[in-house]
Amino acid sequence: MSSEGSADGSGEGTLCFHCGQPVPTGQAWPLEIGGVRREMCCVGCQSVARLIVESGCEDFYLRRTAPSARVDPEQLLPPELALLEQPQPASEQTHAADASAELVLSIDGLRCSACVWLIEKYLARLPGMQMAEMNVATSRLHLRRDPALCSTATILRGLRGLGYTAYPFDPLRQGEQARRASRRLFRQLFIAGLSMMQVMMYAVPAYMTHEGIDPDMMSLMRWASLFLTIPAVFYSALPFFTGAWAGLRARAPGMDLPVAIGIAAAFLASAIATWRGEGEIWFDSVSMFIFLLLASRYLEAAARRKSASALERMQQAFPASALLVPGYPERRETTLVAAAQLREGDVILARPGDTVAADACLLEGAAEFDLALLSGESRPQAFEIGQEAPGGAVNLSQPVLLRVVRATGESTLAALTRLAEQAGQGKPALAQWADIVASRFVVALLVLAGATFLAWQLIDPSRAWSTAIAVLVVSCPCALSLATPSALAAATDRLLRAGTLVVRGNVLETLQRADTIVFDKTGTLTQGRPQLTALWSDIDCQRSLAIAAAMERGSLHPLAKALVEEGARRQVASLDVEQLTSVTGAGMQGVIEGVLYRIGSRSFVAELAGNALPPVLSQSAASGAGSVYLGSSAGWLARLDLADALRPDAVATVAAFRALGLRTILLSGDQPDVCAEVAVAAGIGIGEVQAACTPQGKLDYVRSLQQDGAVVAIVGDGINDAAMLRAGDVSFAMGKGAALAQVSADAVIMSDRLHAVADCAAMAQRTMHIVRQNLVWAATYNFLAIPAAAFGWLDPWMSAVGMSLSSLLVVGNALRLSRRQGQSASEAAVQAAQVRPALAGAA
Amino acid sequence: MEALYLLIPLSTLLVFLAIWVFFRASDSGQFDDLEGPAMRILHDDDAVVAQDRSGDA
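Chains as they are written, first to last, in my numbering: chain A, 1 to 843; chain B, 1 to 57.
Hints are computed from structural coordinates only; laboratory data are not their basis.
Treat each hint with caution, since some may be false.
Said to hold, decoys possible - One-sided and incomplete, this derived list gives chain B residues near chain A with beta-carbon spacing under 10 Å:
#	residue
1	I8
2	T12
3	R40
Just so it is clear, CB atoms sit at the ideal spot from N, CA and C, and this is done for glycine as well.
With the rest of the complex left out, here is chain B:
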């Protein structure tokens, strides 16, 4: 149980660290568009595929 005397202050510190990280992320605009990245990740920008296909056809 003695570990809790260390862990509780540590967890409080961690929350403040999380707040700091969140503000950094928010300032850099990570939360401005919550839909776009999910769309973009599906489309690798690989021009090679396009060339291959036009070669096949």
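Isolated chain A (complex conformation):
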């Protein structure tokens, strides 16, 4: 053991003992674990490992079967945790959670069974903790503690210290009802399965025998079957009966109606036959029918629930916070408060990178705000003293003080949320395609059963009733009603594995019918952050980029970040900067290797480098691009053009939809010239660009398209897209966009690949193709079986076998959808796992 430890210590190719990732050469964070020196890759992993050892849980490293998640030191203790420590009446949710002895937390980052052990063991040692139980299936941690000894914040801090993301879970807010519904469905499925197996035991001897069974015995078996079917019909089949009744009341009979009629008719006829001691019974068909249908529904609901909980976990569950400056203007101390508590007149501090919590006007200093998520505008906006910044704007400059002009509930952000809610009410009612087919089918079926009954009245009145029932049972639209849910379940699950969360049920069906697709610009077709597009320089490009990257390191401005990223990508030399200073709204100044450099706006650099701009640097930039200048006391060095670049897969995505015959439209809040340029680059016709739209304008435009009869698919990411996402027939939100957009959309692209929308469309095509195959098969089967039953040729066992075979065929056909297709699909899954390690951890 110890020799291995010293070998590890040499530093070359060492893997972090905690997370299993390479330790950077020359840097090491060692820790003694179980008497052996182990190397860690970063301070985050080291602090987690130290806490694990100090709390006496070092066994964790022996028990675990997979390396732990890498720990980002910044996420270890988010400042929002402090909100939970001050029980204030305004934050009722956290207050209530703190006062009660029971607590439910949502945990992210479980990797293997040792994680469960570690969490439970660690928490059990906290003073005042009475019970800690982890539910692995739902990633929920159930706790009972003495609130006086063990506060919510202490627990959360401890769990984060162990490297797991944990946040309070409010069962009232989400999921409690869904959880109950899924538990009821599971019970109904279980009962139906039990009933099916038992009834089958009595049905098989009757089918198999050749010399006939003693009539008394036969009667006994029939009575037993009747009793065993009762729970399946009166408990498990309830969803079909209630669904059929709801459909009838809404005058839109759906798939549930033929199912309910089939179950009821077969059960009643069999019960009467049992009572009278003559005629055929179909108890085995009834119970098997109920079980198969419930199973496909259960699988579909489970796939959708998995998507929804992944989405829920992704969105930060902490309330938005703000830094309040209560003593302004005398004192500048800040306290962290929940954004909901802000009142008009409060003074708040927005640090660089912070989101302004409420509509507020600037008190001190000039500032630049990023409004991309609010308005779709890709360029940062400059604000001056007295100007009002909308809530949701992101501060890009130095820390600024703002006075709140409207409470959070009335802010711009809240108004946009309300607009999205209202848009949802106007959503066109979706006619489920399969349900239309079903309602036609059921009418035809009832007419046919009635005709059979009348015909046999004329031929042989004694067989009329049983033959009519046989028609209803044999045609029991089992295959027909399994066709859609089983295919949707398989496709939803497949998309989830590829990183697309299908949250609402209509996505695949509607996407396949869509004839128009609307793209947002910033953050959807484009990356939503600037990238270096051109570098004009008199000297070596690599050298000027190295200087630029060195000077911008540590700056929060998106242009600066883009330069640093680009420098890292091109592996420029790392330079040391001395006397680095930042000039607000202008740029940076610093000394590299004895030379004074300035980077930033043209006028700022001109003060140092002189007014005459060399001809190379004065060429016109592409519209939508921002230019950053670099100069030294010796003169101008370079101009760096940065623009919000097109996503690499944008062109392919637009082309894929055009190939499918869809009308592609660009709808954006940004300036017309920028939009036109992006549209041309992406392959969208210039006539299909709607620029400078407000959220209301976007909503109105989508509605006018729908009024013209278009079925509109929408892809967006910003808060300003939320309303149109809600109003669209089917909508997608990007995984890195605003939470409000994700809540409003029907599906969320977690992998953050635009092409996933096109993959989803291809999947929708295949799904509907499979559904159609299934329906054709079901129709063929019925076409053959119904006449046979109508002429009285079918024995009950034949119809039972035929029905189960056709159901199995339909389910098997649907399962083909969940198979991975080719290389691109697996690549997508890998990418999804990389972008969101949380998902991989949950799997």
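Knowing the structure of chain A, use the given hints to seat chain B on it.
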């Protein structure tokens, strides 16, 4: 064969008993987490082992 006249009703009763037991188990939450117990059973909560090992090392 006469035994069947007793056994068939008995088996029906047993199924209803099984349904009752299943509902009891489901109400007490036994089916809420079908993965966790399988993980937990591998890890006895024996602090003694941890102490022994740190003593050895």
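Each hint, compared with the structure:
Given hint, B:I8 at the interface with chain A, holds; its Cβ is 5 Å from that chain's nearest Cβ, closer than 10 Å. Interface restraint check: B:T12 against chain A, minimum CB-CB distance 5 Å, threshold 10 Å, status holds. Interface hint status for B:R40: upheld, as the beta-carbon distance to the closest one in chain A is roughly 6 Å, under 10 Å.
Checked against the numbered hints given earlier, this structure breaks none of them.
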